[in-house]
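Going down the list, the protein sequences come from chains A and B. Sequential numbering from 1 applies to the first sequence in this note's numbering. Sequential numbering from 1 applies to the second sequence in this note's numbering.
Treat the hints with caution; some may be incorrect.
As the list claims (entries may be wrong) - Only part of the chain B face toward chain A is listed, based on derived beta-carbon distances under 7 Å:
hint: 1; residue: N45
hint: 2; residue: S96
hint: 3; residue: G105
hint: 4; residue: C178
hint: 5; residue: G196
hint: 6; residue: H202
hint: 7; residue: V211
hint: 8; residue: I218
hint: 9; residue: Y390
hint: 10; residue: Q393
What the hints contain is simulated information worked out from the structure, not anything from laboratory work. Note that CB positions come from ideal geometry on N, CA and C, so glycine has one too.
Each chain, written out:
2 protein chains.
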Amino acid sequence: CRQVSKAAAKAEVEFDYDGPSMKTTVPGPRSQVIEQLNKNVAAVNFFCNYEESRGNYLVDVDGNRMLDVYTQISSIPIGYNHPALLKLVTNPNNMSAFVNRPALGILPPENFPDKLTESLLSVAPSGMSRVQTMACGSCSNENAYKAMFITYRNKERGYSAPSVEDNTSCMINQAPGCPDLSILSFMGAFHGRTLGCLATTHSKAIHKLDVPSFDWPIAPFPTLQYPLEEFVRENAQEEARCLEETEDLIVKWRQKGKPVAGIVIEPIQAEGGDNHASADFFIKLRKIATKHGCAFHVDEVQTGGGSTGKFWAHEHWGMDDPADIVSFSKKLLTGGFYHKDELQPYRIFNTWMGDPSKNLFLCEVLNVIRKENLLDEVARSGKALLNGLYALQVQYPGLLSRARGQGTFCAIDVCDDATRDKILVRTRDKGILLGGCGQQSIRFRPSLVFKEYHVHFFLNVFNDVLAEFK
Amino acid sequence: CRQVSKAAAKAEVEFDYDGPSMKTTVPGPRSQVIEQLNKNVAAVNFFCNYEESRGNYLVDVDGNRMLDVYTQISSIPIGYNHPALLKLVTNPNNMSAFVNRPALGILPPENFPDKLTESLLSVAPSGMSRVQTMACGSCSNENAYKAMFITYRNKERGYSAPSVEDNTSCMINQAPGCPDLSILSFMGAFHGRTLGCLATTHSKAIHKLDVPSFDWPIAPFPTLQYPLEEFVRENAQEEARCLEETEDLIVKWRQKGKPVAGIVIEPIQAEGGDNHASADFFIKLRKIATKHGCAFHVDEVQTGGGSTGKFWAHEHWGMDDPADIVSFSKKLLTGGFYHKDELQPYRIFNTWMGDPSKNLFLCEVLNVIRKENLLDEVARSGKALLNGLYALQVQYPGLLSRARGQGTFCAIDVCDDATRDKILVRTRDKGILLGGCGQQSIRFRPSLVFKEYHVHFFLNVFNDVLAEFK
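Given only the sequences and the hints, what does the whole structure look like? Please build it.
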């Protein structure tokens, strides 16, 4: 780093800076000039110097170096410019994977099956040995929904060939070929912004406004009261209410002639405000899906990849048969979904179907996670973070509440959204990047190399900022 | 190349092999073994050795080297392992772009605006100076549709803020927040396979079957009779009929309470069978869109990038104001869409919004296209190809018909689909890769470095194959 030669020297060994270094408020003058010159970049926070960014620290074009506890909306698994990933790019054996992007569904590279085994299949969720890669999170969920629809109709047809009427009516978007099937989703959910995904997203109006949608059932997601140990009975009742209403909706939509082919849910509603539910809730929900012949799709786009302390958040439920489909993207670097054998994917297709160069990176990321025991680190850092948040909400009772989390996948509520937004800006100007979610929450989404000492550093700065708002 | 040291030596200079070299039928034994071992790869043609592939030649794992006239479903712009692209990967200045994928909508790299100017904006369609990158073709069209819906409703609201009812109803997928708007598409069209795109795709039943859809209007696309010069009057009548029905559908859907917010069309229907229409048809259609307040979206995902002899196929229409939105992917290496200033994209967002490393490649591709005058080459090769196809359909009148094309973006019909498929396999075993499209067409989709001598070589082999089917 040009500005901090000492830190750079240290980073040679540890591949991380030793702290933030702020030159200006953010966005700084240089970021602002670049933005003013451009009409093709709309919602930019600031411009980044990714060459100088390293480990947990994101450097901007004004030379500000910030501890990144948001990591590109939770999509940087092992920090910036990790040496293992840089090495991969410079390896001449990998050049061809970057330069020749194949139509993966028909003409895969020779090593693709091995690389799948080494990467995605080595972390396959319980009960699943098949995976389909995709280019992004939205495409992953869109195609997962299609797999559920196709499976549902295949069963209805008794696995026989589609009728002439099926084949002709579908060409003009009509039933029975394009059947009136539905996906059940939950209020507060976020599953992406393409038209199919958006019909199951219910986090913010601005995401959905003005876009045509489907008449699909939307169940309530439990609103838990915190601290959990004080509201055991109330929360159990709340979860029971939501499960009951879910089952009612499945029956109602079947009666309406729009049967529920699948249920989609996040293990923790992220964009919608870091809303948690108990393992018991998910276990019972999975049983309801099975009972009513609905496929059960767990969307791990934001929760997957290790930040809850397990590789998949749904592993915390402790089930052998947690889902029929698990979708992913973000920290996995490639989109895609795992599925059970029954959900035959032979009709899921597009030109690229992912990008094999991303699988190469994922192999290295998984190697680093294993070699450095990063899931244990996350559990340790997460415990320190959540305990720190508990302490802060006691210290600032009018300001903070509902500290919650799994691993470092944590959040806390602020008294109102305006104050939340001010706290985010003040914290950023002190060299720490955080993100908001839901109405008035702050979400913590560090990478997996976020250590206990990063937690303590963050808590100190956060404490200083909160004191200003007391 | 291990097998052909002489050819490899030549390729040092010309970066291309001097012809196919077949060791086995395709898929060869090694491809078959790899496929049998794997249940995660479904519709594979064969496995590839991308390291050994070069220029116009794709090499498979059995050492077969094939002249590629299909190029990964038309997505390889300047051949395999082009030296300019290899150099880019080995440039240390670019490493960070591969390793640190940003959330481009909020935290772009410093050079992103410049790279956009140098790449996508340097080839912006007439009347457009804004572009939004996306990860793939389907996402590009999905988000283009959203931009059209948002623009339509913004106009309806008189650009005032949405009502409370808008904001609450959209959260549960209901009007007025999620309005009953539609996109008009054409029979035979292909715009992608996610749920929004799929509602405008009408090429093959197997793409659409079992997936819920929208009640959106579908207009007839002209079915031209060939040779064009013999059916001038009939084809003009056919186009007039289609335009009239399009206008009727717009009125009808408005009356149904599902106004058409946008019209989407390919300049040449590719997947649907390489269906062409005249410039006059498109000019009149664009006027109908403007007259009825529908945005006009030209989908150049397959036609864009130079293979018609112009960078965009719609340039053949000769209009100053050809469209409101132009989407792209495939040969552009990144997905995305251009749009006019009026279609404000501030609400189009997702985590990745493309991949800046793909823009770096695109800069180099455009440099090569300019430096080597590849659009002129395409026009030259295309002329030779189309003339050759004309000659062959005269020679094999019972077998071939309807030779058609622009640049190298050519196609020809075979008497029936079974014969078409057999011809594709035979041609492949003789070292040339082609693709099918529509009911009984063969489509030609070489890269931009496909020269006249490649055309002549192809025509000779194709002639030999056709003679077997006479």
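Each hint, compared with the structure:
1. N45: Interface hint status for N45 of chain B: holds (5 Å vs cutoff 7 Å).
2. S96: At about 4 Å, which falls below the 7 Å cut-off, the nearest Cβ of chain A leaves the hint on S96 of chain B intact, so it holds.
3. G105: 6 Å, holds
4. C178: Hint holds; C178 of chain B Cβ to chain A Cβ min 4 Å, cut 7 Å.
5. G196: 3 Å, holds
6. H202: 5 Å, holds
7. V211: 5 Å, holds
8. I218: Since chain A brings a Cβ to about 6 Å from I218 of chain B, closer than 7 Å, the hint holds.
9. Y390: Where the cut-off is 7 Å and the nearest Cβ of chain A is about 30 Å from Y390 of chain B, the hint is violated.
10. Q393: This interface hint is violated because 28 Å lies over the 7 Å limit.
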